[in-house]
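Participant: Residue numbers (numbering that gives the first Met the number 0): 0 to 326.
A hint or two may mislead.
Claimed, not checked - The calculated lysine to aspartate or glutamate pairs, modelled on EDC-like cross-linking and capped at a C-alpha distance of 20 angstroms, are:
no., residue 1, residue 2
1, 295, 105
2, 193, 105
3, 193, 205
4, 180, 18
5, 193, 61
6, 193, 18
7, 141, 197
Stated by the list, open to error - Pairwise CB distance ranges (calculated):
no., residue 1, residue 2, range
8, 0, 220, 19 to 27 angstroms
9, 174, 311, 40 to 48 angstroms
10, 91, 205, 38 to 46 angstroms
11, 187, 126, 17 to 25 angstroms
12, 183, 122, 34 to 42 angstroms
13, 3, 125, 35 to 43 angstroms
14, 301, 267, 41 to 49 angstroms
15, 175, 304, 47 to 55 angstroms
16, 89, 141, 27 to 35 angstroms
17, 296, 8, 36 to 44 angstroms
18, 124, 318, 45 to 53 angstroms
19, 119, 176, 43 to 51 angstroms
Hints in this document: simulated from the structure, not taken from any laboratory. Just so you know, even glycine gets a beta-carbon here, dropped at the ideal spot from N, CA and C.
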Amino acid sequence: MLAPLLVALGIVLIYLSSERVIRYAVNLARLLGLSTLVVGFLLVSVSTSLPETFVAVFAALDGDPQLAVGNVLGSILFDINIILGLSAVMAGAIVLKRKENLHLIELLFISTVIAVLVFSVPRLTVTHGVALLLLFLYSLRKLYKSGKPEARQEEDLLHHHKRRILGMLPRERSPYLTLAKFLGSVAVLLLGAKLLTDGALLLAGDLGLGTVFVGATLVTFGTSLPELTVALAALRKKYYGLALGDLVGAGVTNLTLVLGLLALLAPGPVNLPPITGILPFLLASTLFLWYTLAEKGRVTSTEGAVLLLIYLGFLLEQLGLLGLFGG
0 MLAPLLVALG IVLIYLSSER VIRYAVNLAR LLGLSTLVVG FLLVSVSTSL PETFVAVFAA
60 LDGDPQLAVG NVLGSILFDI NIILGLSAVM AGAIVLKRKE NLHLIELLFI STVIAVLVFS
120 VPRLTVTHGV ALLLLFLYSL RKLYKSGKPE ARQEEDLLHH HKRRILGMLP RERSPYLTLA
180 KFLGSVAVLL LGAKLLTDGA LLLAGDLGLG TVFVGATLVT FGTSLPELTV ALAALRKKYY
240 GLALGDLVGA GVTNLTLVLG LLALLAPGPV NLPPITGILP FLLASTLFLW YTLAEKGRVT
300 STEGAVLLLI YLGFLLEQLG LLGLFGG
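Can you build the whole structure from these sequences, using the hints too?
Facilitator: This is the structure we're talking about:
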């Protein structure tokens with residue numbers, strides 16, 4: 000009974016604190032005069048990836064980096080295939096309106112290829128971690144430079160919509176008070192991630208499941224709640240670009256920042272067979288999405304259904320019903 004309780008409590012804390020982390024991060028960026036482009040990727044996407052970051056840190060410190068790897072890769076699959084796929088099916092079409100979103104898609108594909116190369120070797124090393132963190136910084140620089148002065152008015156409008164979607168009013172006027180609220184929310188988020196990690200490991204032991212599978216499914220759902228919440232709220236308001244940008248931005252962060260930190264904290268052998276069962280589906284999803292947006296500039300219900308089918312194949316493979324990639 001303890002394991003399900005820890006998992007449930009961790010998910011609740013993550014859900015309640017993540018929106019507040021995003022809220023205060025964006026308000027803090029506004030008070031400090033940061034551009035909306037930097038806010039969208041650096042603060043919002045990174046903030047929604049904080050659960051994966053904390054889960055990776057705790058799993059690494061607990062000596063179980065496989066849980067973190069499964070969670071990171073599984074979270075990206077969940078964000079792209081389930082959240083984006085279902086959104087496209089329900090909405091009929093998700094139209095790409097800003098070229099920054101296309102840059103995010105390109106960066107996600109490049110990051111995925113690099114992640115595949117990293118995990119093609121049997122050990123995570125500090126060198127891998129440094130390379131992934133440098134790629135994260137490169138992503139920030141590329142997105143920052145992609146912003147054009149003439150697009151600032153539209154970006155400001157999107158930023159206002161996102162604040163309204165997330166319920167960020169009334170605004171805080173003091174950066175110190177906002178920073179204190181942000182740090183307090185991060186502390187609650189950290190506690191939720193710790194409880195979720197402990198509960199998932201106990202549950203895996205009770206059910207006899209591998210930690211990579213648990214990390215790629217149950218823990219993935221819990222840590223993907225921030226992206227899910229933001230995406231659904233944006234879709235209700237028909238701000239499809241916001242939802243797409245946040246989901247893809249979180250994927251870039253997970254592949255670079257989170258995996259990079261994991262490699263620095265827990266260099267060592269990685270259980271390759273379960274991971275090689277995830278990577279082909281991840282690469283197929285990102286390549287398909289990248290091609291779709293590059294060619295059409297939108298994701299229709301048909302493409303959404305394809306993304307859902309890819310995720311179904313991933314689940315079947317993880318359960319050992321397909322046996323395509325071993326493990």
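Participant: Decide, hint by hint, whether the structure agrees.
Facilitator: Outcome of the hint check:
1. 295 to 105: Roughly 15 angstroms separates the two Cα atoms, so the pair holds.
2. 193 to 105: 33 angstroms, violated
3. 193 to 205: Answer holds: residue 193 to residue 205 is near 18 angstroms, not above 20 angstroms.
4. 180 to 18: Given pair residue 180, residue 18 holds - Cα atoms ~12 angstroms apart, limit 20 angstroms.
5. 193 to 61: Satisfied, since the Cα-Cα distance of roughly 10 angstroms is no more than 20 angstroms.
6. 193 to 18: With a Cα-Cα distance of about 18 angstroms, the restraint between residue 193 and residue 18 holds, given a limit of 20 angstroms.
7. 141 to 197: 37 angstroms, violated
8. 0 to 220: 19 to 27 angstroms: Once the Cβ atoms are compared, 20 angstroms apart, the range 19 to 27 angstroms for residue 220 and residue 0 holds.
9. 174 to 311: 40 to 48 angstroms: With Cβ atoms ~46 angstroms apart, the hint holds.
10. 91 to 205: 38 to 46 angstroms: Given about 42 angstroms between the Cβ atoms, the range holds.
11. 187 to 126: 17 to 25 angstroms: The hint (17 to 25 angstroms, Cβ to Cβ) is violated, given that residue 187 and residue 126 are roughly 34 angstroms apart.
12. 183 to 122: 34 to 42 angstroms: 38 angstroms, holds
13. 3 to 125: 35 to 43 angstroms: Hint holds: Cβ distance 37 angstroms, inside 35 to 43 angstroms.
14. 301 to 267: 41 to 49 angstroms: 43 angstroms, holds
15. 175 to 304: 47 to 55 angstroms: 49 angstroms, holds
16. 89 to 141: 27 to 35 angstroms: At roughly 31 angstroms between Cβ atoms, residue 141 and residue 89 fall inside 27 to 35 angstroms, so the hint holds.
17. 296 to 8: 36 to 44 angstroms: About 42 angstroms separates the Cβ atoms of residue 296 and residue 8, which means 36 to 44 angstroms holds.
18. 124 to 318: 45 to 53 angstroms: With Cβ atoms ~31 angstroms apart, the hint is violated.
19. 119 to 176: 43 to 51 angstroms: 48 angstroms, holds
Of the hints listed earlier, those the structure fails to meet are numbers 2, 7, 11 and 18, in rising order.
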